[in-house]
Amino acid sequence: AQSVTQLDSQVPVFEEAPVELRCNYSSSVSVYLFWYVQYPNQGLQLLLKYLSGSTLVKGINGFEAEFNKSQTSFHLRKPSVHISDTAEYFCAVSSRGSSNTGKLIFGQGTTLQVKP
Amino acid sequence: GAVVSQHPSRVICKSGTSVKIECRSLDFQATTMFWYRQFPKQSLMLMATSNEGSKATYEQGVEKDKFLINHASLTLSTLTVTSAHPEDSSFYICSAYKQIPGTGAGGDTQYFGPGTRLTVL
Numbered sequence: 018a019q020s021v022t023q024l025d026s027q028v029p030v031f032e033e034a035p036v037e038l039r040c041n042y043s044s045s046v047s048v049y050l051f052w053y054v055q056y057p058n059q060g061l062q063l064l065l066k067y068l069s070g071s072t073l074v075k076g077i078n079g080f081e082a083e084f085n086k087s088q089t090s091f092h093l094r095k096p097s098v099h100i101s102d103t104a105e106y107f108c109a110v111s112s113r114g115s116s117n118t119g120k121l122i123f124g125q126g127t128t129l130q131v132k133p
Numbered sequence: 005g006a007v008v009s010q011h012p013s014r015v016i017c018k019s020g021t022s023v024k025i026e027c028r029s030l031d032f033q034a035t036t037m038f039w040y041r042q043f044p045k046q047s048l049m050l051m052a053t054s055n056e057g058s059k060a061t062y063e064q065g066v067e068k069d070k071f072l073i074n075h076a077s078l079t080l081s082t083l084t085v086t087s088a089h090p091e092d093s094s095f096y097i098c099s100a101y102k103q104i105p106g107t108g109a110g111g112d113t114q115y116f117g118p119g120t121r122l123t124v125l
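Chains as they are written, first to last, in the numbering used here: chain G, 18 to 133; chain H, 5 to 125.
Do not rely on the hints blindly, as some may be mistaken.
[As the list claims (entries may be wrong)] Straight-line distance between alpha carbons at most 25 angstroms, and here's what the computed BS3-like set of lysine-lysine pairs gives:
1. G/120 <-> H/70
2. G/75 <-> H/102
3. H/59 <-> G/120
4. H/45 <-> G/132
5. H/18 <-> H/68
6. H/24 <-> H/70
7. H/18 <-> G/120
8. H/59 <-> H/70
9. G/66 <-> G/86
10. H/24 <-> H/59
11. H/102 <-> H/24
12. H/102 <-> G/120
13. H/18 <-> H/59
14. G/132 <-> G/120
15. G/66 <-> G/120
16. G/75 <-> G/120
17. G/120 <-> G/86
18. H/24 <-> G/120
19. H/68 <-> G/120
20. H/68 <-> H/24
21. H/70 <-> H/18
22. G/66 <-> H/102
23. G/66 <-> H/45
Read the hints as simulated data drawn from the structure, not as lab findings.
No experiment lies behind these values; they were computed from the predicted model shown.
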């Protein structure tokens with residue numbers, strides 16, 4: 018069984034400040050890791066994903082995330098946020114290898130509120 | 005690109021009627037599509053996995069006879085909410101699974117549609 022925990026339900030931050038959205042996961046098998054962003058009344062857009070290789074993954078819109086296997090974490094960061102980054106962010110995992118079905122397990126979501 | 009569309013984007017219906025939602029992958033073929041349900045301020049809950057040419061696989065607790073899924077082609081999956089009731093009101097989101105050559109299973113990525121807001125009166 019797999020689970021994803023996003024430690025903060027809401028993160029308020031001022032514009033141009035750095036931000037970190039935290040994600041921890043639990044799994045009995047190796048996983049792939051994803052971050053998605055959802056703007057109001059829209060579907061999800063892929064920000065970045067970790068499949069293998071370098072543990073620091075760069076995504077769109079200036080976001081990056083670091084995979085930490087020992088801490089089972091995949092925290093999302095941005096050095097300077099914009100008002101337009103205000104949205105809901107979801108961390109997700111899927112199983113690797115033969116147990117992969119393509120299913121994504123999502124965290125509860127974190128609302129990023131960027132204030133002027 | 006990898007664009008997924010949903011139609012309609014918003015639908016209001018009376019209790020007892022059926023509603024069909026379409027999910028299309030516009031620029032790629034998807035043998036697998038997923039249907040999710042999202043309640044306000046909550047995460048996505050996987051309802052079912054839709055496989056082209058075969059029966060859908062439903063998650064535990066999802067009524068197969070109520071949420072009918074058909075995946076008749078490599079670019080189209082439909083979700084029909086039968087005999088809808090107010091408690092079925094929700095945001096329904098589909099995703100299409102795009103295989104990326106050379107990355108193996110799991111390197112594939114789900115691309116999401118914009119969602120359909122269903123309101124049952």
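Hints versus structure:
{"no.": "1", "hint": "G/120 <-> H/70", "in the structure": "22 angstroms, holds"}
{"no.": "2", "hint": "G/75 <-> H/102", "in the structure": "20 angstroms, holds"}
{"no.": "3", "hint": "H/59 <-> G/120", "in the structure": "16 angstroms, holds"}
{"no.": "4", "hint": "H/45 <-> G/132", "in the structure": "20 angstroms, holds"}
{"no.": "5", "hint": "H/18 <-> H/68", "in the structure": "21 angstroms, holds"}
{"no.": "6", "hint": "H/24 <-> H/70", "in the structure": "12 angstroms, holds"}
{"no.": "7", "hint": "H/18 <-> G/120", "in the structure": "32 angstroms, violated"}
{"no.": "8", "hint": "H/59 <-> H/70", "in the structure": "15 angstroms, holds"}
{"no.": "9", "hint": "G/66 <-> G/86", "in the structure": "15 angstroms, holds"}
{"no.": "10", "hint": "H/24 <-> H/59", "in the structure": "17 angstroms, holds"}
{"no.": "11", "hint": "H/102 <-> H/24", "in the structure": "24 angstroms, holds"}
{"no.": "12", "hint": "H/102 <-> G/120", "in the structure": "13 angstroms, holds"}
{"no.": "13", "hint": "H/18 <-> H/59", "in the structure": "28 angstroms, violated"}
{"no.": "14", "hint": "G/132 <-> G/120", "in the structure": "35 angstroms, violated"}
{"no.": "15", "hint": "G/66 <-> G/120", "in the structure": "15 angstroms, holds"}
{"no.": "16", "hint": "G/75 <-> G/120", "in the structure": "23 angstroms, holds"}
{"no.": "17", "hint": "G/120 <-> G/86", "in the structure": "21 angstroms, holds"}
{"no.": "18", "hint": "H/24 <-> G/120", "in the structure": "23 angstroms, holds"}
{"no.": "19", "hint": "H/68 <-> G/120", "in the structure": "18 angstroms, holds"}
{"no.": "20", "hint": "H/68 <-> H/24", "in the structure": "15 angstroms, holds"}
{"no.": "21", "hint": "H/70 <-> H/18", "in the structure": "16 angstroms, holds"}
{"no.": "22", "hint": "G/66 <-> H/102", "in the structure": "14 angstroms, holds"}
{"no.": "23", "hint": "G/66 <-> H/45", "in the structure": "23 angstroms, holds"}
Of the numbered hints given earlier, the model fails hints 7, 13, 14; all others are met.
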